[in-house]
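In the order they appear, the protein sequences are chains L and H.
Those letters in the first sequence? Residues 1 to 774, per the numbering used here, in order.
Those letters in the second sequence? Residues 1 to 183, per the numbering used here, in order.
Don't take each hint at face value.
[Stated by the list, open to error] Ranges between beta-carbon positions, derived for each pair:
no.	chain 1	residue 1	chain 2	residue 2	range
1	H	Asp172	L	Pro730	53 to 63 Å
2	L	Pro730	H	Gln68	31 to 41 Å
3	H	Thr168	L	Glu487	51 to 61 Å
4	H	Asp149	L	Thr109	30 to 40 Å
5	H	Gln68	L	Val328	29 to 39 Å
6	H	Leu96	L	Tyr298	33 to 43 Å
7	L	Thr178	H	Gln93	45 to 55 Å
8	L	Asp502	H	Asp172	48 to 58 Å
9	L	Ala494	H	Thr168	52 to 62 Å
10	L	Pro743	H	Ala173	22 to 32 Å
[What the hints assert, rightly or not] Computed, partial: chain H to chain L, Cβ under 10 Å:
no.	residue
11	Glu73
12	Leu81
13	Glu98
14	Val100
15	Arg105
16	Leu120
17	Gln124
18	Glu129
19	Ile132
20	Gly135
21	Arg138
It should be emphasised that the hints constitute simulated quantities derived from the structure, not laboratory data.
Computed from a predicted model, the values in this text were never measured in an experiment.
A virtual CB, placed ideally from N, CA and C, is assigned to each residue, including glycine.
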Amino acid sequence: MLRVALKSIAWLALATALLLAGYLWKLDRTITETFEGRRWSVPAVVYAQPLEIYPGLELSQADFISELNRVGYEAASAVRHPGQFKIGQQQVQVHLRSVQFVESKRATTTVTVTFSQKQVRTIRNLQGNEEPFLRLDPAVIGSFFPSHGEDRVILTPEQVPALLRNALKAVEDRSFDTHHGFDLRGIARAFWVNLQQRKLSQGGSTLTQQLVKSYFLDSRRTLQRKLRELAMAVILEVRFEKTDLLNAYINEINIGQAGVRAIHGFGLGSQFYFNRPLSELEPAGIATLVTIIRGPSYYNPFRHPERVRERRDRVLEILHQQQHIDDVQLAKALNSPLDVVRGARKGGTYYPAFMDLVRRDLASQYVEQDLASQGLKVFTTLAPRLQDAIEAGISDTLEHLDKHPKVLVQQESGVTEQLLQAAAVVTDVQTGEVLALAGGRDAGSDGFNRALKASRPMGSLIKPVVFALALEDGAHLATHLQDQAVEVSLPKQAAWTPQNFDKTEHGQVPLIRALADSLNLATVNLGMQLGVGRIAERLAELSGKPTKNSYPSLLLGAEPRTPLEVSELYATFASGGFATKPKTVIGVLNEQGQELSHHQFQLEQRLTPTTAAQITRAMQAVMQQGTGKSSRHAGTQTAGKTGTSDDYRDSWFAGFDASHLTVVWLGRDDNTPAGLTGAGGALKVWDQIMADIGSSPLGQNVGAGDIASLAVSERHIDYSTGLLLEGNCPLSKTRADVSVLLPLDAQLLVHPGCTSKGGFGKRLQRWFGATPES
Amino acid sequence: MNSFLSPLPLLRPLTLFLLATSLAGCLGGGGNNNASPPPVAVEDRSTVGSNNTNGESTNNNSNTGTAQPSQAEVSKSNVTLALLEKSEVARSQGNLKEAVTHVERAIRINPRRADLWVQLAQLQLALDEPTIAEGYARKAISLAGSRVDWKRDAWLVIADAKQAQGMTGEADAIRQRWRTAQG
Numbered sequence: 001m002l003r004v005a006l007k008s009i010a011w012l013a014l015a016t017a018l019l020l021a022g023y024l025w026k027l028d029r030t031i032t033e034t035f036e037g038r039r040w041s042v043p044a045v046v047y048a049q050p051l052e053i054y055p056g057l058e059l060s061q062a063d064f065i066s067e068l069n070r071v072g073y074e075a076a077s078a079v080r081h082p083g084q085f086k087i088g089q090q091q092v093q094v095h096l097r098s099v100q101f102v103e104s105k106r107a108t109t110t111v112t113v114t115f116s117q118k119q120v121r122t123i124r125n126l127q128g129n130e131e132p133f134l135r136l137d138p139a140v141i142g143s144f145f146p147s148h149g150e151d152r153v154i155l156t157p158e159q160v161p162a163l164l165r166n167a168l169k170a171v172e173d174r175s176f177d178t179h180h181g182f183d184l185r186g187i188a189r190a191f192w193v194n195l196q197q198r199k200l201s202q203g204g205s206t207l208t209q210q211l212v213k214s215y216f217l218d219s220r221r222t223l224q225r226k227l228r229e230l231a232m233a234v235i236l237e238v239r240f241e242k243t244d245l246l247n248a249y250i251n252e253i254n255i256g257q258a259g260v261r262a263i264h265g266f267g268l269g270s271q272f273y274f275n276r277p278l279s280e281l282e283p284a285g286i287a288t289l290v291t292i293i294r295g296p297s298y299y300n301p302f303r304h305p306e307r308v309r310e311r312r313d314r315v316l317e318i319l320h321q322q323q324h325i326d327d328v329q330l331a332k333a334l335n336s337p338l339d340v341v342r343g344a345r346k347g348g349t350y351y352p353a354f355m356d357l358v359r360r361d362l363a364s365q366y367v368e369q370d371l372a373s374q375g376l377k378v379f380t381t382l383a384p385r386l387q388d389a390i391e392a393g394i395s396d397t398l399e400h401l402d403k404h405p406k407v408l409v410q411q412e413s414g415v416t417e418q419l420l421q422a423a424a425v426v427t428d429v430q431t432g433e434v435l436a437l438a439g440g441r442d443a444g445s446d447g448f449n450r451a452l453k454a455s456r457p458m459g460s461l462i463k464p465v466v467f468a469l470a471l472e473d474g475a476h477l478a479t480h481l482q483d484q485a486v487e488v489s490l491p492k493q494a495a496w497t498p499q500n501f502d503k504t505e506h507g508q509v510p511l512i513r514a515l516a517d518s519l520n521l522a523t524v525n526l527g528m529q530l531g532v533g534r535i536a537e538r539l540a541e542l543s544g545k546p547t548k549n550s551y552p553s554l555l556l557g558a559e560p561r562t563p564l565e566v567s568e569l570y571a572t573f574a575s576g577g578f579a580t581k582p583k584t585v586i587g588v589l590n591e592q593g594q595e596l597s598h599h600q601f602q603l604e605q606r607l608t609p610t611t612a613a614q615i616t617r618a619m620q621a622v623m624q625q626g627t628g629k630s631s632r633h634a635g636t637q638t639a640g641k642t643g644t645s646d647d648y649r650d651s652w653f654a655g656f657d658a659s660h661l662t663v664v665w666l667g668r669d670d671n672t673p674a675g676l677t678g679a680g681g682a683l684k685v686w687d688q689i690m691a692d693i694g695s696s697p698l699g700q701n702v703g704a705g706d707i708a709s710l711a712v713s714e715r716h717i718d719y720s721t722g723l724l725l726e727g728n729c730p731l732s733k734t735r736a737d738v739s740v741l742l743p744l745d746a747q748l749l750v751h752p753g754c755t756s757k758g759g760f761g762k763r764l765q766r767w768f769g770a771t772p773e774s
Numbered sequence: 001m002n003s004f005l006s007p008l009p010l011l012r013p014l015t016l017f018l019l020a021t022s023l024a025g026c027l028g029g030g031g032n033n034n035a036s037p038p039p040v041a042v043e044d045r046s047t048v049g050s051n052n053t054n055g056e057s058t059n060n061n062s063n064t065g066t067a068q069p070s071q072a073e074v075s076k077s078n079v080t081l082a083l084l085e086k087s088e089v090a091r092s093q094g095n096l097k098e099a100v101t102h103v104e105r106a107i108r109i110n111p112r113r114a115d116l117w118v119q120l121a122q123l124q125l126a127l128d129e130p131t132i133a134e135g136y137a138r139k140a141i142s143l144a145g146s147r148v149d150w151k152r153d154a155w156l157v158i159a160d161a162k163q164a165q166g167m168t169g170e171a172d173a174i175r176q177r178w179r180t181a182q183g
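Turn these sequences into a full structure, and let the hints guide you.
See the structure below:
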């Protein structure tokens with residue numbers, strides 16, 4: 001009997017042992033697999049364009065300092081560490097960090113930049129020699145953190161300050177170096193200390209146990225959990241080196257929360273709370289971070305600064321006790337304030353609208369999963385200074401326009417409850433790179449991105465396409481068009497009788513005026529002659545996007561486009577005839593800094609330089625004589641086109657100079673009338689933006705050499721009638737005087753107001769011609 | 001007006017004299033049938049009026065191209081030179097992709113320098129991208145202004161690009177035209 005019983009027990013014991021072994025084996029496999037691969041999700045970091053600085057650049061000392069702040073540099077009395085700068089008289093000395101650019105790495109070095117009259121004067125290196133230029137660190141503008149919301153910056157052991165390691169051990173796990181995953185003495189100590197209730201309360205968990213808890217399991221505190229945690233901790237200790245475990249802890253532990261984004265690891269924690277890299281923190285900063293991990297909501301330095309400071313000071317005392325910091329350091333640290341930085345934008349993304357477009361641009365080459373986890377570095381085209389300018393421009397101008405009677409009346413009469421909304425896109429005219437993007441009037445909002453998604457009728461913005469086609473068909477800017485009533489018959493519908501904005505017919509007008517004054521009748525007459533089908537085709541070729549509208553209404557812009565799509569069309573004009581794809585990414589590197597992809601400028605010639613130059617000339621006339629003449633920039637050689645859709649629902653302006661193309665849209669999300677014309681609304685925003693970013697004059701678009709070879713000549717005409725201004729004309733050099741390129745064989749009548757030798761000669765011919773005038 | 005002359009025959013010699021001098025003036029000057037266009041003031045867009053894509057404007061009023069280049073323009077030339085050197089070093093070491101990034105960086109600072117676009121076009125040719133190369137070369141031509149040398153270089157890239165795409169006839173025609181261009 002006994003033998004049977006013993007045998008059963010033995011079998012049972014064996015079975016249990018096997019089960020236990022199996023269980024432990026499974027745990028072991030789970031840990032090792034995950035741990036060995038270091039499979040943390042490291043979201044891709046996204047950078048803006050670095051600021052390029054050179055002598056003569058218009059950048060004041062104050063602006064330079066704010067750019068340094070933007071990339072996390074701090075003013076100091078002496079420049080000892082990377083990340084510090086010292087302000088002097090008209091100069092700044094900067095200790096540059098080592099940084100990864102898209103094509104190279106820069107080692108840490110010191111430079112001195114001098115200023116004079118709001119311009120950069122010289123840049124000198126450490127040896128005192130002048131450098132031709134300086135590239136600042138690219139600003140981080142966001143990261144693609146994954147849907148489960150963890151965000152971190154991975155640190156290698158070399159990047160972790162010794163003080164942090166010591167602090168963690170001192171405060172969290174005194175016997176870390178010697179225990180095997182759990183610490184009986186530690187548990188006892190904690191028990192005792194907590195009983196006393198006066199000293200620093202310790203948890204009984206070792207760092208290893210905390211690591212397991214954080215990495216694998218949720219926070220249910222059942223006995224089963226605790227035992228499992230213990231087992232895994234032991235396995236980890238057996239499998240891995242202490243240094244690895246500590247480093248894993250440093251990268252893993254939860255250290256904060258920002259909305260849906262969970263901040264993990266000291267690397268990101270340092271950026272999140274102090275806007276500095278961990279290596280630059282003083283003992284006070286390190287002690288603060290060590291305080292926070294005990295309970296990031298309880299020890300939230302923004303909400304409970306006194307509590308955090310108190311514990312921080314205790315941590316500092318322990319560090320001092322254990323001789324990790326000396327008397328001087330302790331005194332200094334105890335005296336320093338918490339110093340946490342409440343950043344302007346605490347979400348994972350600082351420029352959500354722009355990031356949307358980056359994501360879209362990367363989608364063809366990278367899956368979301370990789371972007372969210374592989375630690376990639378994405379270098380983009382964003383120019384933060386321009387972005388700040390458009391955000392301010394939109395916000396300031398809309399505040400104003402909100403009070404405009406035509407805008408208010410929509411709200412007061414109950415038509416809508418919504419405020420005006422806006423979107424803007426700024427691109428480089430030559431390269432197509434997107435320098436700034438606003439998806440709405442509230443820039444930081446992560447909501448509906450109107451620049452990419454608000455598809456609205458483009459209205460008069462389509463007209464340059466019609467006129468470009470006319471020019472290609474042999475017309476010129478002085479060609480006479482008929483701005484008179486037209487009836488377009490449509491299949492199965494009543495005939496379409498478009499109207500001009502001012503409900504008037506203007507009769508015979510030169511082509512340049514038909515475009516600049518945005519005359520609907522002239523456009524429709526012209527468009528019907530050219531053929532709607534051909535215009536639809538040309539629109540597709542010049543804008544990169546086909547249209548579904550093959551009806552005459554296309555001529556007046558019954559064609560929905562987003563602000564970004566409008567920008568792509570106008571890029572073809574602004575660039576001198578090249579279809580230039582908007583792009584946001586320069587290059588993508590992997591975690592090791594090797595290039596994964598490079599994104600180049602994409603352009604293709606679609607208009608001849610002469611046609612492009614003439615359309616641009618006409619769009620300059622928009623600003624000087626036409627619908628855009630109320631612009632502040634009318635006299636400074638910019639070009640543009642206003643657009644207003646039916647019932648004033650959408651207010652558009654697309655305008656450019658020699659460097660930047662900016663497209664602005666104003667409207668309401670529920671499609672009720674904005675109440676403003678293109679000139680009254682979008683142009684005002686554009687004006688403000690251009691004032692902030694500065695403008696560079698267009699100048700000549702077609703050179704003398706080209707003019708000679710293209711059989712055209714530069715002439716002056718009267719804007720109103722299209723008649724030639726030659727000789728002594730009262731209209732010369734007035735607002736009515738427009739210079740245009742005309743074919744050499746163009747037959748034009750001279751304006752009657754002009755008196756010239758040519759005119760006298762004509763009179764002479766009449767005398768000798770004999771027929772007396774009556 | 002004829003009535004002014006006819007009743008005063010004594011004035012005829014005077015009138016004839018005036019007519020003669022006026023005619024001389026008329027033939028010397030311009031009428032609307034006379035195709036002598038007024039001179040066009042054109043800036044050499046290779047050096048004037050360009051600015052930083054980061055939004056800093058070098059608003060320098062030199063629309064005529066005759067003003068002294070500003071310090072910013074001189075600096076930008078230096079920057080461009082330095083970056084072209086880097087690009088050349090990379091190219092000579094066979095790092096074509098790196099060479100491209102240096103030229104692109106130069107273009108961001110000085111977007112209307114036609115010779116930079118020529119460089120980029122040549123690099124794209126070397127990278128076996130003839131269509132892209134042709135696009136950049138045409139861009140260079142549109143920006144070259146009076147710099148016939150840059151135009152010639154750009155056209156020669158187009159010729160090579162066409163050659164690479166099998167359009168030998170067109171390639172030869174272009175070379176024929178541009179090989180001898182002075183600049």
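Hint by hint, here is what the structure shows:
{"no.": "1", "hint": "Asp172/H / Pro730/L: 53 to 63 Å", "in the structure": "55 Å, holds"}
{"no.": "2", "hint": "Pro730/L / Gln68/H: 31 to 41 Å", "in the structure": "36 Å, holds"}
{"no.": "3", "hint": "Thr168/H / Glu487/L: 51 to 61 Å", "in the structure": "54 Å, holds"}
{"no.": "4", "hint": "Asp149/H / Thr109/L: 30 to 40 Å", "in the structure": "38 Å, holds"}
{"no.": "5", "hint": "Gln68/H / Val328/L: 29 to 39 Å", "in the structure": "57 Å, violated"}
{"no.": "6", "hint": "Leu96/H / Tyr298/L: 33 to 43 Å", "in the structure": "56 Å, violated"}
{"no.": "7", "hint": "Thr178/L / Gln93/H: 45 to 55 Å", "in the structure": "53 Å, holds"}
{"no.": "8", "hint": "Asp502/L / Asp172/H: 48 to 58 Å", "in the structure": "57 Å, holds"}
{"no.": "9", "hint": "Ala494/L / Thr168/H: 52 to 62 Å", "in the structure": "58 Å, holds"}
{"no.": "10", "hint": "Pro743/L / Ala173/H: 22 to 32 Å", "in the structure": "25 Å, holds"}
{"no.": "11", "hint": "Glu73", "in the structure": "7 Å, holds"}
{"no.": "12", "hint": "Leu81", "in the structure": "8 Å, holds"}
{"no.": "13", "hint": "Glu98", "in the structure": "6 Å, holds"}
{"no.": "14", "hint": "Val100", "in the structure": "7 Å, holds"}
{"no.": "15", "hint": "Arg105", "in the structure": "8 Å, holds"}
{"no.": "16", "hint": "Leu120", "in the structure": "8 Å, holds"}
{"no.": "17", "hint": "Gln124", "in the structure": "8 Å, holds"}
{"no.": "18", "hint": "Glu129", "in the structure": "9 Å, holds"}
{"no.": "19", "hint": "Ile132", "in the structure": "7 Å, holds"}
{"no.": "20", "hint": "Gly135", "in the structure": "5 Å, holds"}
{"no.": "21", "hint": "Arg138", "in the structure": "5 Å, holds"}
The structure does not agree with the numbered hints 5 and 6 stated previously, though it agrees with the rest.
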